[in-house]
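Q: What follows is the residue order along each chain.
Number of protein chains: 2
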Amino acid sequence: MAQMNYLTQCTFDFGALAQLPKVLKAHSVTKPFVVTDPGLKANGLLDTLLAALAEPPAGVFTDTPANPTESASEQAAAAYRASGADGIIAFGGGSSMDLAKAMGLMVTHEGPFERLGGSQRGMRHITKIPPLIAVPTTAGTGSEVSPGAVVILNNGRKETFVSAFLVPVAAVCDPELTMGLPPFLTAATGMDAMTHCIEAVLTPVVHPPAEAIGLDGAERINTWIERAVKDGSDRDARWHMMMGSFQGALAFAKGLGAVHGLSHALGRIHELKLHHGTLNAVILPHSLAMIGDAQPEKFARLRRALGLGPNGDLAQAIRDLNARIGLPASLSAMGVTEAHWPSTRDYAVSDLATLSNAIPFDGEKYDELFKRAL
Amino acid sequence: MAQMNYLTQCTFDFGALAQLPKVLKAHSVTKPFVVTDPGLKANGLLDTLLAALAEPPAGVFTDTPANPTESASEQAAAAYRASGADGIIAFGGGSSMDLAKAMGLMVTHEGPFERLGGSQRGMRHITKIPPLIAVPTTAGTGSEVSPGAVVILNNGRKETFVSAFLVPVAAVCDPELTMGLPPFLTAATGMDAMTHCIEAVLTPVVHPPAEAIGLDGAERINTWIERAVKDGSDRDARWHMMMGSFQGALAFAKGLGAVHGLSHALGRIHELKLHHGTLNAVILPHSLAMIGDAQPEKFARLRRALGLGPNGDLAQAIRDLNARIGLPASLSAMGVTEAHWPSTRDYAVSDLATLSNAIPFDGEKYDELFKRAL
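Same order as they appear, the protein sequences are chains G and W.
Using the working numbering, read the first sequence as starting at 306 and increasing by one per residue.
Using the working numbering, read the second sequence as starting at 306 and increasing by one per residue.
Hint data in this document are derived by calculation from the structure and do not stem from the laboratory.
Treat the hints with care, since some could be wrong.
Distance condition first, Cα-Cα at most 25 Å in a straight line; then the derived SDA-like pairs of lysine to any residue [said to hold, decoys possible]:
no., chain 1, residue 1, chain 2, residue 2
1, G, Lys-433, W, Gln-314
2, G, Lys-330, G, Asp-391
3, G, Lys-676, G, Gly-612
4, G, Lys-327, W, Thr-367
Selected chain W positions facing chain G (in silico; Cβ < 7 Å) [said to hold, decoys possible]:
no., residue
5, Leu-358
6, Pro-362
7, Thr-432
8, Pro-509
9, Ala-517
10, Ile-518
11, Asp-521
12, Met-548
Cβ-Cβ distance ranges computed for the label pairs, FRET-style [claimed, not checked]:
no., chain 1, residue 1, chain 2, residue 2, range
13, W, Asp-598, G, Ile-664, 39 to 47 Å
14, G, Asp-539, W, Glu-673, 35 to 43 Å
15, W, Ala-371, G, Asp-536, 55 to 63 Å
16, G, Ala-605, W, Thr-335, 43 to 51 Å
17, G, Asp-539, W, Ile-574, 34 to 42 Å
18, W, Lys-535, G, Gly-612, 20 to 28 Å
19, W, Met-428, G, Glu-360, 28 to 36 Å
20, W, Asp-539, G, Gly-612, 50 to 58 Å
Note that the structure is predicted; figures quoted are calculated from it, not measured.
Backbone N, C-alpha and C fix where the C-beta goes; we use that ideal spot for every residue, glycine too.
So that you can see chain G by itself, here it is in the shape it has in the complex (with noise of 0.2 Å):
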């Protein structure tokens, strides 16, 4: 059982969940807030979790919606109130980890919750949340160790909310709860983590240690990405998908870039319930082919970590991969059409991983980034 204490403190291997009372009592939480969505409430993995945990929580919030919202959080903040819980079981992929932040964020903090947000600077308000214990069931997002949630707030903003006081106190890695993933969704999600490592790596942030674990991730995932997509019940493969996407994570303390920019900025149109991974994948390529060579030692690592040649082409190693693994490989493909491009591209320029891009993007570079990736 490896037991890793960067950022937050990980329990990771086939088996973990059994340790979840132990870590629940290593943080002093008694009585469990479980906060998870639909899908596993219906698959019966939210069984699985309960039947780990010694006695019954102090509440379950099962109504996560696909991409986390504040209305949402706000009824799950009002079923953590009345449920007098001492901490939360975030369980899930991205959305159930979100939503968990965000409700955290709500039962701890006053005032209007919008000032909370990255683009207002909300950082400096945040303090501490209730011991949130994050117990992923995919293997792409990350949330289980980095600091940030993505919320889409009530005014219609998809807004980002970063802390270290947001990073969980711990997490239970147990590859186990993803051996049911379908290969579609192993496929986006871990494309996911692939685009955390790739982006952190470019990132023009000083940062050698979360670049060293990036390079690392990305090998891994390119390793194993396409036997678990292949094989769901590929132990070594499941095992390897879930260390890539906890390392995507700690890498992206680094900072992320344009590829996360214009997926938030897409993942906010309702209609199309655009999947935030899948959205990474078809981004990605487009992405470093703008990029070029402008940062030629960093895409010499990547290459080696990727296992191409000097002279490999990096964008069409990615375009390659996504469609050995049956992703799209278009916007147009998910549903995207021009008429989206006006009234999502301010959100693109604003985001947060826009400020942190390999090189600068203004509009047009997003307006150049979108149309390639139409």
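Starting from the structure of chain G, add chain W where the hints point.
A: What follows is chain W alone, placed relative to chain G:
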């Protein structure tokens, strides 16, 4: 200015020392107590530190011995208590940092000091010490981010103290402070960091993020150490050597191995005053030769990091590197003789680092390692 917040907060770059008052304030230290050694008092670096502080410190202890002892730590603890200080600045190499940690333990923990030692499973008893801010002046030990301290007890034993509470709350890493390090110390401390990276990668403990950091640190040190040794005024080389040292310590969160076991044991020979980093450098190639290729994947990754071909001889590469940077080729050249072995052997076998070695190591294996390195 890179901000890195993994195990600890680290402010890292040329000019970082100017941030020290801000870092102290962030940790509510108003009356810091400085722990350093006679060399830094003599060469003027202590004056540089004091000039960087907004106000004079509560006290300064300059009598850190080359290998920290329990009795020197007791003297420092008495001075700390008398000074009314509310925090610690550890200024120097590994010795000053380790003594500062020991002093921190003494002023906050009752009872015999040795019960806190690793061999007594003392980690259970260790709780909070005063806020400790580390300002390294060498690039090797990595003690500024490590949870460990090595102290020679009054009973003669060299003991390792380990606890998350011993990780400095912040590190201020300014490569400027290493510009005056003479070539021999640059080489010896640099190979200490190299040994941290390599032993951490090879230990069987599962911790991929730490392993990735160790591989990157090994590659970085291999790339820059000769330049740093040959031209101490090479600022890029100094930056990268300090970063490699920092990475080595983040990596050995995984554990270390028999090189450190033997090095700690031989460090006990008072009359020889052996330098820890030099010992590691001399022993490392022999340990690698004995491990052979027991972990083929890790050896392959280390070869890649050190720029060797797929059949490259890792042990020989380290031996050659030692020769190029002017380090001794054997323990004999350092004054060690066969007569020293009987009284040190048991200390190697029972050293904490032995437990996490790449291959199981008992007394006979240590006999062989000592013989090879002699």
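Q: Take a look at whether the Cβ-Cβ distance between W/Met-428 and G/Glu-360 falls inside 28 to 36 Å.
A: Given range 28 to 36 Å: holds, Cβ gap about 30 Å.
Q: Min Cβ distance, W/Ile-518 to chain G: is it shorter than 7 Å?
A: holds (5 Å)
Q: For the hint 43 to 51 Å, verify it against the beta carbon of G/Ala-605 and that of W/Thr-335.
A: Because 48 Å falls inside the window, the suggested range holds.
Q: Does W/Thr-432 meet its interface restraint, that is, does its C-beta lie within less than 7 Å of any C-beta in chain G?
A: violated (15 Å)
Q: Take a look at whether the Cβ-Cβ distance between W/Asp-539 and G/Gly-612 falls inside 50 to 58 Å.
A: 33 Å Cβ-Cβ, so the 50 to 58 Å window is violated.
Q: Checking one constraint from the list: CA of G/Lys-433 to CA of W/Gln-314, max 25 Å. Satisfied?
A: holds (18 Å)
Q: Just tell me: holds or violated, for the beta carbon distance of W/Asp-598 and G/Ile-664 against 39 to 47 Å?
A: holds (42 Å)
Q: A range of 35 to 43 Å was offered for this pair. Does it hold for the Cβ distance of G/Asp-539 and W/Glu-673?
A: Distance hint for G/Asp-539, W/Glu-673 holds at roughly 41 Å.
Q: For the pair supplied as a hint, G/Lys-327 and W/Thr-367, is the alpha-carbon distance within the 25 Å limit?
A: violated (44 Å)
Q: The hint names W/Leu-358 as touching chain G; please verify it with the least Cβ-Cβ distance against 7 Å.
A: violated (26 Å)
Q: Could you tell me whether the CB distance from G/Asp-539 to W/Ile-574 stays inside 34 to 42 Å?
A: violated (53 Å)
Q: Using the C-beta atoms of W/Ala-371 and G/Asp-536, is the stated range 55 to 63 Å upheld?
A: holds (57 Å)
In this structure, the earlier hints numbered 3, 4, 5, 6, 7, 8, 17, 18 and 20 are contradicted, and the remaining ones agree with it.
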